[in-house]
Amino acid sequence: MNNPKFRASFSYLNLWQSGRWEEAIKAYFKIDKYISRQMAEGSDFHEEWEKHIIETKTLPAVFGGTPLNNPVCEDKMVIPVYDWMDLVIKPDCIDSPVLHEFKTGVMSSTDYVNSYQPAVYAVGLTMKGILIDRIHIHLYNQYAKKSEFSMVWVTPAMLKNGLNFIETVGGEMHTYFVENNLYERFGAKPQL
Amino acid sequence: MKITIDLDELTGLIAEGEKIFLKPEAEMALLKILEAEEAVATIKDQAKARLLELANELNPNFKSLSADNLRLTCRAYGAKFYIEEDKVSEVAPELYKREVTLEPPTEEEVNKLMEAGMPVKKVARTVDTKAVEKFVKEHRGMPFGIGEYPEDKRPKQLSFSKKGGKDE
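Residue numbers (numbering that gives the first Met the number 0), protein chains in the order written: chain Y, 0 to 191; chain V, 0 to 167.
Looking at chain Y on its own, in the form it has when it is part of the complex (with noise of 0.2 Å):
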């Protein structure tokens, strides 16, 4: 039988990197789907945020208001990166060669730029041939009504770092779905 092919995520990817395997397969799977009041507030955000860029061409105004070029946004792309695997990304906005990256919460936007997602995220634009030369992270802390910015240049170096990332985090994730029969247990496509 041809096993499904594996679809990675930043956040699928840095649950079972970080060890939180059972979190991982609930996850990637879609079992006992929990939302938090955070990521409730967090979706409420990003949406109200869309629409002002849509609207304005403009950053929202919490992250500056800063006039953009061509932005585009919330545009969920699935890259091909091996026959068994496509790497899922979700950019919130695109206006080249910078990607925007909104968060919220209490988090310092240091830590983003620190973990793996600008990286698993310049990888999969790269490949699809979307140029990028930076990305920003605009952090948003609504309890104490504060903003952040942050920014990491995408480098060879970068890029190679996510690209392995993503190969080994990923090639074990998909390897243990099908040594665990989990494609077949749980539904072969995971609900992206």
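Please keep in mind that the hints were generated in silico from the structure rather than gathered at the bench.
Ideal placement from N, C-alpha and C gives every residue a C-beta, glycine not left out.
Among the clues, some could well be false.
Claimed, not checked - Sample of chain V residues at the chain Y side, in silico, Cβ under 8 Å: (1) T10; (2) N60; (3) D67; (4) T72.
As the list claims (entries may be wrong) - As a list, the in silico DSSO-like pairs of lysine-lysine whose alpha-carbon atoms are at most 30 Å apart: (5) V:K47 to Y:K145; (6) V:K79 to Y:K145; (7) Y:K145 to V:K86; (8) Y:K159 to Y:K25; (9) V:K47 to V:K22.
Once you have looked at the hints, place chain V on chain Y.
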């Protein structure tokens, strides 16, 4: 401006010990290190100030920038919070520490405080070095109750500087 430092030469001089004091080349080598250190410190400060300007122009909420081998982080220093003085009686006491600075008490006052049962944690007395040195010079002897630590028991640190410059 170019500064050339021969680290191998300096390492050799250090290994030979006494030549640090005897060879003129040793003095030049040390001076070059000082000049380079000063120049690098100045350039680093200028770079930081300019980068902070640029970061604020890019985005007033700038927090960090990550590149392959470098990370820039902007941190605020100093007190983050303050107490509104007109509301101080209503502020939860566990949220702040109170520190009261008094005029230095006399020995009599310290004794009275301890006799009265005040929880005196520590009484620190620091000799006024210049006042004692002046006393010794004027009276040709040590004042009563003050001792002097032997020179060979006090820790030492070598410093060197350009003539006319500040000690490193």
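Here's how the hints hold up against the structure:
1. The interface hint given for T10 (chain V) is broken, as the beta carbon of that residue sits about 33 Å from the closest beta carbon of chain Y, more than 8 Å.
2. Given the 8 Å rule on beta carbons, the hint for N60 (chain V) holds: about 4 Å separates it from the nearest Cβ of chain Y.
3. The criterion of a C-beta within 8 Å of any C-beta in chain Y is met by D67 (chain V), whose closest approach is roughly 5 Å, and the hint holds.
4. The restraint placing T72 (chain V) at the interface with chain Y holds, with a minimum CB-CB distance near 7 Å, inside the 8 Å limit.
5. For the hint pairing K47 (chain V) with K145 (chain Y), the CA-to-CA distance comes to about 24 Å; that is within 30 Å, so the pair holds.
6. At most 30 Å may separate the alpha-carbon atoms for a hinted pair to count; K79 (chain V) and K145 (chain Y) meet this at roughly 14 Å.
7. At most 30 Å may separate the alpha-carbon atoms for a hinted pair to count; K145 (chain Y) and K86 (chain V) meet this at roughly 25 Å.
8. In summary, the hint linking K159 (chain Y) to K25 (chain Y) is supported, as the alpha carbons are separated by about 29 Å, within the 30 Å threshold.
9. Note on K47 (chain V) and K22 (chain V): the hinted pairing is violated, with a Cα-Cα distance of about 38 Å set against a maximum of 30 Å.
The earlier numbered hints that this structure contradicts are 1, 9.
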